[in-house]
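Asker: Here are the chains, one letter per residue:
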Amino acid sequence: MTEQFRVLVADDDPMLRMALSEVIAAEADLHVVATAADAQEAADLAERHTPDVALIDVRMPGGGGTHATREIRTRSPRTRLLAFSAYDDSGAAEELKRLGVKEFLVKGITNAEIVAAVRRAGADAEG
Amino acid sequence: MRPDDGYRLLVQGVLDYAIFMLDPDGHITSWNAGAQQIKGYREEEILGKHFSVFYPPEDIAAGKPWHELDQAIRHGRVEDEGWRIRKDGTRFWADVVITALRDETGELRGFGKVTRDTTDRRAAEEALRASEERFRLLVQGVRDHAIFMLDPDGHITSWNTGAQQIKGYREEEILGKHFSVFYPPENADLPKKELVRASRDGRLETEGWRIRKDGTRFWANIVITAMYDDTGTLCGFGKVTRDMTERRAAEQALSERRRLLGHLVEAQELERRRIAWDVHDDSIQAMVAVGMRLQLLAGRLPAEQQELAAQLDEAVRASVGRLRGLVANLRPTTIDQHGLVPSLAGYLRDVVRPWGLETSLSAELPNEPPMPVAITLFRICQEALTNVHKHARATRVDVTLAGKDGGTLVRVSDDGVGLPDPAPDDPYRHFGLLEMRERAEIAGGWWSVTSTPGGGTTIQFWLPTAPTQEEE
Chain U
1 MTEQFRVLVA
11 DDDPMLRMAL
21 SEVIAAEADL
31 HVVATAADAQ
41 EAADLAERHT
51 PDVALIDVRM
61 PGGGGTHATR
71 EIRTRSPRTR
81 LLAFSAYDDS
91 GAAEELKRLG
101 VKEFLVKGIT
111 NAEIVAAVRR
121 AGADAEG
Chain W
1 MRPDDGYRLL
11 VQGVLDYAIF
21 MLDPDGHITS
31 WNAGAQQIKG
41 YREEEILGKH
51 FSVFYPPEDI
61 AAGKPWHELD
71 QAIRHGRVED
81 EGWRIRKDGT
91 RFWADVVITA
101 LRDETGELRG
111 FGKVTRDTTD
121 RRAAEEALRA
131 SEERFRLLVQ
141 GVRDHAIFML
151 DPDGHITSWN
161 TGAQQIKGYR
171 EEEILGKHFS
181 VFYPPENADL
191 PKKELVRASR
201 DGRLETEGWR
211 IRKDGTRFWA
221 NIVITAMYDD
231 TGTLCGFGKV
241 TRDMTERRAA
251 EQALSERRRL
261 LGHLVEAQEL
271 ERRRIAWDVH
281 DDSIQAMVAV
291 GMRLQLLAGR
301 LPAEQQELAA
311 QLDEAVRASV
321 GRLRGLVANL
331 RPTTIDQHGL
341 VPSLAGYLRD
351 VVRPWGLETS
361 LSAELPNEPP
371 MPVAITLFRI
381 CQEALTNVHK
391 HARATRVDVT
401 LAGKDGGTLV
411 RVSDDGVGLP
421 DPAPDDPYRH
431 FGLLEMRERA
441 EIAGGWWSVT
451 STPGGGTTIQ
461 FWLPTAPTQE
471 EE
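Keeping their order, the protein sequence lines are chains U and W. Here the working numbering is used: position 56 in the first sequence is 56, and no number is missing along the way. Here the working numbering is used: position 28 in the second sequence is 28, and no number is missing along the way.
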């Protein structure tokens with residue numbers, strides 16, 4: 001069995017947060033260590049758990065994905081970041097990539113695609 | 001040649017003046033070419049005749065020819081204007097000078113008579129007088145404009161019907177008064193200033209409140225023109241005043257309407273934005289979450305039920321796609337950043353072409369329309385293009401924008417199946433058409449649709465650059 005990747009899920013929408021957590025938890029090699037409902041909570045939990053991967057909603061209370069990204073970059077540098085967003089946030093996508101977000105996932109992609117992206121980011125954190 | 005010969009030849013040759021001599025009794029003793037020209041007699045037939053033959057019967061009856069000779073004798077010369085008779089009986093208006101001729105001893109030897117035919121000049125003067133009189137009557141009769149004159153100090157020297165109509169004073173009560181009576185108390189210094197400016201610049205145009213005789217106010221447009229005589233001395237002012245109260249009210253109604261349209265468009269855009277965010281943040285998120293759970297569920301189902309779950313997931317995905325389309329349509333336009341035409345071009349490129357439609361856009365706009373108008377133009381285009389996508393089964397759509405009649409004319413043409421006529425089976429379509437038309441009419445414009453079955457549909461609409469009053 002491969003090593004487990006530890007994942008933080010941050011989304012202000014409770015339904016999406018739960019669905020995302022379930023999708024990731026359903027995979028044997030992925031483990032959800034924490035879920036956050038806003039940017040501040042995401043940064044705090046990232047510092048506490050130092051996850052391999054953080055899946056960050058672009059539009060969130062408490063400063064949005066950009067704030068969460070900046071905070072996590074400094075407080076948990078080994079965490080790899082994935083942004084999860086509505087498709088029309090292309091302006092935010094540019095900025096997040098500049099801040100070090102690995103991939104930009106559009107809401108509505110298949111579970112398989114989400115899982116694959118999390119694994120790619122986790123492998124990057126390992127190496 | 002003796003000097004006398006020179007004079008004789010000169011006199012003989014002059015054509016514009018009849019120059020001839022009379023003996024002391026008034027019989028003609030010499031004649032020249034001008035006399036023949038003007039009066040029609042040849043020298044040989046007129047010499048020796050009495051000069052009274054040139055006078056009309058009423059003058060002869062009054063003794064005028066003899067009276068004129070008397071006057072010439074008494075004063076040395078006499079000047080007269082009046083009708084004279086040609087040989088052929090026709091009359092001409094003559095300017096006549098008769099000079100008494102005396103020898104060195106002072107004895108009367110006869111008279112020199114110089115006559116000029118001034119019929120044409122008199123006619124011109126008459127015409128001028130008549131024209132001036134007609135003009136005076138015209139000015140007098142004008143009802144919509146107060147037209148009157150001021151002396152150099154500002155006292156009223158003439159008055160017309162329009163002045164009475166607009167200001168309420170009769171001519172006899174206002175003549176001689178100072179024109180400052182028309183000004184409201186808060187502008188007491190204005191009359192003087194206006195005359196100073198008019199005499200400095202020659203002319204002054206201004207607008208402002210003025211007072212009628214009954215104390216009510218009206219909004220006036222005023223032109224004051226300084227008038228100078230031949231020597232360049234200021235001899236007064238012409239003043240033309242129009243009552244613009246109604247026009248001013250209409251203009252205010254128009255600007256109020258403009259403001260309302262601005263508010264309406266702004267409110268609509270705000271509402272659309274709110275709905276867009278609601279759909280985006282709530283409905284789409286929920287559907288996405290449902291889709292993710294469906295996929296999870298499918299993984300746990302027995303193989304024979306997985307097909308059904310996959311179909312449900314596909315339905316959810318399609319639904320998310322449609323909601324995103326809705327959000328894209330509701331999203332704020334980029335007109336404020338990029339302008340109307342680039343925003344339309346962007347919409348055609350990003351939204352319409354992905355529908356599988358060929359597009360073209362041609363725009364010749366002299367100016368960017370004001371923001372509420374531009375947004376309305378854009379929204380109607382968007383509605384028209386959405387209709388093409390949903391109903392026309394077209395392969396291409398062409399959009400043209402052109403400046404026309406102080407507004408913007410837009411045409412959206414497709415090569416689709418055309419509208420069914422009528423379309424009772426499709427209330428949504430009808431609704432879409434109605435909405436476009438209402439948008440255009442609220443903005444003070446018009447909207448029309450022409451369609452032939454199988455021959456495509458063309459939607460045309462025109463919005464004024466500044467919205468005009470709705471015609472009931």
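Read the hints as simulated data drawn from the structure, not as lab findings. Given the structure is predicted, the values throughout are model-derived calculations rather than measurements. Glycine residues also receive a C-beta, built at the ideal position from the N, C-alpha and C atoms. There may be inaccurate statements among the hints.
[What the hints assert, rightly or not] A partial selection of chain U residues facing chain W, derived with a Cβ cut-off under 10 Å:
| hint | residue |
| --- | --- |
| 1 | 14 |
| 2 | 23 |
| 3 | 26 |
| 4 | 28 |
| 5 | 29 |
| 6 | 30 |
| 7 | 32 |
| 8 | 33 |
| 9 | 35 |
| 10 | 48 |
| 11 | 86 |
| 12 | 98 |
| 13 | 99 |
Asker: With reference to the structure, classify each hint as holding or not holding.
Answerer: Against the structure, the hints:
Here the hint on residue 14 of chain U is kept, as its CB sits about 9 Å from the closest CB of chain W, short of 10 Å. Of the supplied interface hints, the one on residue 23 of chain U holds, with its beta-carbon coming within about 5 Å of a beta-carbon of chain W, less than 10 Å. With 10 Å as the threshold, the beta carbon of residue 26 of chain U comes within range of chain W, its nearest partner Cβ sitting at about 6 Å, so the hint holds. A distance limit of 10 Å between C-beta atoms decides the matter here; for residue 28 of chain U the minimum to chain W is near 13 Å, and the interface restraint is violated.
Residue-level restraint check for residue 29 of chain U is violated (minimum Cβ-Cβ distance to chain W is 16 Å; threshold 10 Å). Evaluation of the residue 30 of chain U hint against chain W yields a violated restraint, the C-beta minimum of about 13 Å exceeding 10 Å. With 10 Å as the threshold, the beta carbon of residue 32 of chain U stays out of range of chain W, its nearest partner Cβ sitting at about 14 Å, so the hint is violated. About 20 Å separates the beta-carbon of residue 33 of chain U from the nearest beta-carbon of chain W, more than 10 Å, and the hint is not met.
At its closest, the beta carbon of residue 35 of chain U sits 14 Å from a beta carbon of chain W; the interface hint therefore is violated under the 10 Å criterion. For residue 48 of chain U, the suggested interface contact is broken, since its CB lies about 26 Å from the closest CB of chain W, more than 10 Å. The beta carbon of residue 86 of chain U is positioned within 10 Å of a beta carbon in chain W (closest approach about 6 Å), and the interface hint is therefore held. For residue 98 of chain U, the suggested interface contact is broken, since its CB lies about 22 Å from the closest CB of chain W, more than 10 Å.
Here the hint on residue 99 of chain U is broken, as its CB sits about 23 Å from the closest CB of chain W, past 10 Å.
Violated hints, in rising order: 4, 5, 6, 7, 8, 9, 10, 12, 13; the structure is consistent with all others.
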